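Here the protein sequences come in this chain order: A and B. Take the first sequence: its letter number 47 is residue 216 in our numbering, and every next letter is one higher. Take the second sequence: its letter number 138 is residue 141 in our numbering, and every next letter is one higher.
No wet-lab data here; the hints were simulated from the structure. This structure is a prediction, so every number in the text was calculated from the model and none was measured. A virtual CB, placed ideally from N, CA and C, is assigned to each residue, including glycine. It is possible that part of the hints are untrue.
[Claimed, not checked] In silico contact screen, one side only, chain A against chain B (beta carbon under 7 Å); selected entries:
id	residue
1	Leu234
2	Arg239
3	Gln240
4	Pro242
5	Glu284
6	Gly339
7	Ser340
8	Ile352
9	Ala358
10	Tyr362
11	Asn365
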Amino acid sequence: MDNINLFPLYLSFRVAITATIISFIIGIPFAYFLSKRDGKVTDFMDTLTNLPVVLPPTVLGYYLLILLGRQSPIGAFMENTFGKMIVFTPTGAIIASTVVSIPYLIKSSKTSFVEINEDYLNAARLLGRNELNIFFTIVLPIAWRGILAGITMSFVRALGDFGTTLMVSGSIPNKTMTMPIAIYDALQAGDKYMANLLVFIMTSIAIIFLFTINLLERKMRKG
Amino acid sequence: MNKNIFLTILMTIVITFTACNFPTGTISSQKATLTIAAASDLTNAFSEIGEAFEKKHDCIITFSFGSTGMLAEQIANGAPFDVFAAANEIVIYELDTKGHIKSETKQLYALGRIGIVTLKGSHLEVFTLEDLLNPEIVKISIANPYHAPYGLAAKQALITAGLWERLESKMVYGKNISEALTFITTKNAEAGIIALSLKDDSLMNFNLINESMHEPLRQSMAVINSTKEEELARKFVEFVNSKEGKEIMSKYGFVTPEE
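This is chain B alone, in the form it adopts within the complex (with noise of 0.2 Å):
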């Protein structure tokens, strides 16, 4: 009796499943898909200019968001990506010298910028870098500044306002941005510099830091050698640094590159 209802149980999910991927598979094998590699920063804004690049071109987008660092290995190892936005530029350059990417496709596409953030709700005042001292802040959560650009801008900074020696100590790394915010929203780091792009308003106190205190977060983007779909994607890249494209960059907080 109980094996029969268990049967019935995984059949009807087997047939759900295989009925249901049926239709779109053969949906995506005609139309043309562009795989995108892009920096974590990148989740919100990207996601919509992916949306509104597909509505344009009738194709399929997907992303793959992950550290630059690793999406850069990624790249050099042969994955099968046709296009890199990179949180910084020196990734790309890196990749163009051993020759994975084609290099009159790589353009600048965004400056990012950095913020100090508390959680909603925090009973702590944090505006600026020096109120990162107070010792109710026990964990302050950035990118790892070994591999992750927006890390390494934050500890730039830290470095300019001469506090890091006496905040090294409090210190937790993310794997990446994206992580680092997760630290704070699990309420296991009280603060945390992460970057402007990542910013909610409904969740997060955001401080903005001067761009002056840390390197410029010059990000850049180019086209795969390896890409099967070159066309769309340089359209893509385009797309991105046309004036539909930076009007969604700044509404996350990018600050689009200038003609």
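Isolated chain A (complex conformation) (with noise of 0.2 Å):
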């Protein structure tokens, strides 16, 4: 009872941060194209962000089964090519942590891009600056807050995920078992040392990071 695997913990890490960089990469233009456009298709590809939310954990887990799975074509290629799986592998752990997690980075981020006053981006667009520089001059330091919160919030979603990342990742110990997942076997096999343990661990990791993000936030705030 002693010797606790700390490899869960680990892969959580190594799966949110992850997750997150990749939210961070595709989410920002995405929400930033989100918040400049509008019409029909705009709005079903904003619909589409959001599903992850709301559908339940196990049918996008069934989903992303289907879809990245040694049958899908898409998971044949790389067996047969790469000699890669993506099932069963951290790096199914990865996808499903990003796809439950990105849609709270876009909606942040979308939200503080729409409030940006547009004469900012007039003004500069008048002085001759080009849309990338605008983007990182004026666009990114006005947001900077809105796309914070959302980069919190997708990191600890993906650190948390379970019902999704279970269904895609085979609960492999030490190759695939994240956290949640080791939570949820010690509690199945009634180990409630174990349980306790890793559920107090996890929460602390959670409170302190809240924590630490809110103070740095504050400070930042002021200046």
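Assembling the complex is the task here: the two chains are given apart, and the hints tell you how they should meet.
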């Protein structure tokens, strides 16, 4: 009982950090695009981004199992060409976590992009700045608070994902078993000591993380 | 214009659902209802047993199928079930010592069997556990041996055959026996070891594993202490172990206990 295995904790962090970075790279440009356009297609894409929040995690997991599974075009291609599987690997867990967490980042960033006063942007345009320059020197500095909130939410969501990850990962000890899955397994096995310990670690981390972000935000707001 | 269509559709949905639910709602409040927690391997067998029992006693049976460990945990925390049919007997004993079940109602109702499964149409020929060593079998799916009785039995069989260490890297674990089967039916695992009771001949090739290869899967059930329908719950437990109940159970591949 004393030698608790910290692998799930390590894996959870690895998965959540990678998923957040991917969410950031894809999510920010996408959110900016959504905030600038109006119309049916944009509305549809907006709805689609929010789907992972509404769908039950098991449904999402099942979709991913079919879409990325070893018989799917994508999964079969990866396995035959590179000899790599997506499902039952940490990569699968990262994809699952990204899918469930990216909506939070997109939503929060989009809201803060929409709130930016168009006059600032037009002023910059008149002064001859190009759009990319405007995005990095004006849009991001104004919207960073919403973006940071989005990053935090999506990181915490990725760290805590259970249902979707479980479906695509196969909960293999020391390979794809993340913290939430380890907690679930310990509970199922009636191992109260282990379950309590893992729950305590997980809760502490979540609280410390949220607290640090809050502190950071307050400090930056003050200047 | 668009808004009107949307509102019309919404109203239609709301009216339909509320109207349709109303009558069934009143019926269920008149009839006695039993809620039965049952291990996933019982999904097929108990659905039929439930129907037969409903006809006989004019009541409504609802099932909550899940892994034995999860259901036991829910019962220990006061879940409103009337009967618990577990996939092993240890959890029933444990719940008994904690006072969550009516001791005198606990009884053995089935012995579970396991077998090797491949999907119908698969070109792989898997008849024995040794055949699982075939390198074309990349992933083998079983229920999680850490907490699922059928997963543990599968692991025991592989250990007895002296194959566990060589096959461990191929293993993937479902959270229960049904999810282990999903990995096979979605073709994400080429083979697996699942309960005989979940065998579906139209879907899979099934090869029984000798029962001496693993500890017996002695499945026990009992009436939950907090039940409000004690009499009916006792009747249900009796029914499972009656001649009629046993016939249904053995039809689904369970070995029923002898009197």
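Verification of the hints:
| no. | hint | result |
| --- | --- | --- |
| 1 | Leu234 | holds (6 Å) |
| 2 | Arg239 | holds (5 Å) |
| 3 | Gln240 | holds (4 Å) |
| 4 | Pro242 | violated (13 Å) |
| 5 | Glu284 | violated (27 Å) |
| 6 | Gly339 | holds (3 Å) |
| 7 | Ser340 | holds (5 Å) |
| 8 | Ile352 | violated (12 Å) |
| 9 | Ala358 | holds (4 Å) |
| 10 | Tyr362 | violated (14 Å) |
| 11 | Asn365 | violated (13 Å) |
Of the numbered hints stated above, those contradicted by the structure are hints 4, 5, 8, 10, 11, listed in ascending order.
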